[in-house]
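Engineer: Here is what each chain is made of, one letter per residue.
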Amino acid sequence: MTILLLSALGVIGLSIALCLIRVVRGPSLFDRVMAFDCIALCMVGAILIMSILLSTDVFMDVVLVVALLGFLGAVSLAAYLEGTLVD
Amino acid sequence: MGGAVVVGVFFMFVAALGVLRLEDFYSRVHAPTKAATLGLIFLLLAVTVYLAEAVVLTKAILAVLFIAATAPVGAHILARAAYRTGVPASPNTRPDEYAGVLERRRRETGQDEPESAVDVREDEPGA
Numbered sequence: 008m009t010i011l012l013l014s015a016l017g018v019i020g021l022s023i024a025l026c027l028i029r030v031v032r033g034p035s036l037f038d039r040v041m042a043f044d045c046i047a048l049c050m051v052g053a054i055l056i057m058s059i060l061l062s063t064d065v066f067m068d069v070v071l072v073v074a075l076l077g078f079l080g081a082v083s084l085a086a087y088l089e090g091t092l093v094d
Numbered sequence: 004m005g006g007a008v009v010v011g012v013f014f015m016f017v018a019a020l021g022v023l024r025l026e027d028f029y030s031r032v033h034a035p036t037k038a039a040t041l042g043l044i045f046l047l048l049a050v051t052v053y054l055a056e057a058v059v060l061t062k063a064i065l066a067v068l069f070i071a072a073t074a075p076v077g078a079h080i081l082a083r084a085a086y087r088t089g090v091p092a093s094p095n096t097r098p099d100e101y102a103g104v105l106e107r108r109r110r111e112t113g114q115d116e117p118e119s120a121v122d123v124r125e126d127e128p129g130a
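Heads up: the sequence lines are chains P and E, in that order.
According to the numbering used here, the first sequence is numbered sequentially starting from 8.
According to the numbering used here, the second sequence is numbered sequentially starting from 4.
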């Protein structure tokens, strides 16, 4: 079971690497914002697998906060880039 | 529980693969909203089954509701902002209905789109 969870963590790390390639490539700023959102979701998945590995429930709050921050970051950056947030 | 972990991680990987491989922004923005949400639901299920506590179940349900509500909204806001600032779509995008809507609205109100604060169209050909 530990080997399965560790390899699952490895696959999630690979997913974050793929999203990072998209962050570097772009081509538009919105692609970067969207890839960062995907990285935040992958981080949440990694945190969940870590909480199974360590068999603790203290990371459940981290899940909620990271999901909230990812959403807020995407929305605020979209509003800023669209030009409706600042005049 | 191991099965839920495998399925969840598979969907997270599919989401990242879609972010990297799909051809234009408007199709790429679909990948993390749908696939990653499904993957997170399965991972939360695995954690809940493994720990089997009421607190974890409550927070997992809260997280699922929150992610299922915010991920489509965030993707929609991102795609709309991208369209209005002129991020190019793939040439295979055939019916472009929002262009007609924007054109009609511009004729009715007689004002242009809000100018973007930053130039987002940095389309480097070598990338």
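Note that these hints are calculated values from the structure, not bench results.
These numbers were taken from a predicted model, which means no experiment stands behind them.
We treat Cβ as the ideally placed atom computed from N, Cα and C, and that holds for glycine.
Check the hints yourself; a few may be wrong.
If you want the footprint, here are the derived chain P segments under chain E, 3+ residues with CB under 8 angstroms [as the list claims (entries may be wrong)]:
1) 10-19
2) 22-34
3) 43-55
4) 61-72
Engineer: If a hint holds in the structure, say so; if it doesn't, say that too.
Structural biologist: Hint check:
no.	hint	result
1	10-19	holds (count 5)
2	22-34	holds (count 9)
3	43-55	holds (count 7)
4	61-72	holds (count 6)
Checked against the numbered hints above, the structure violates none of them.
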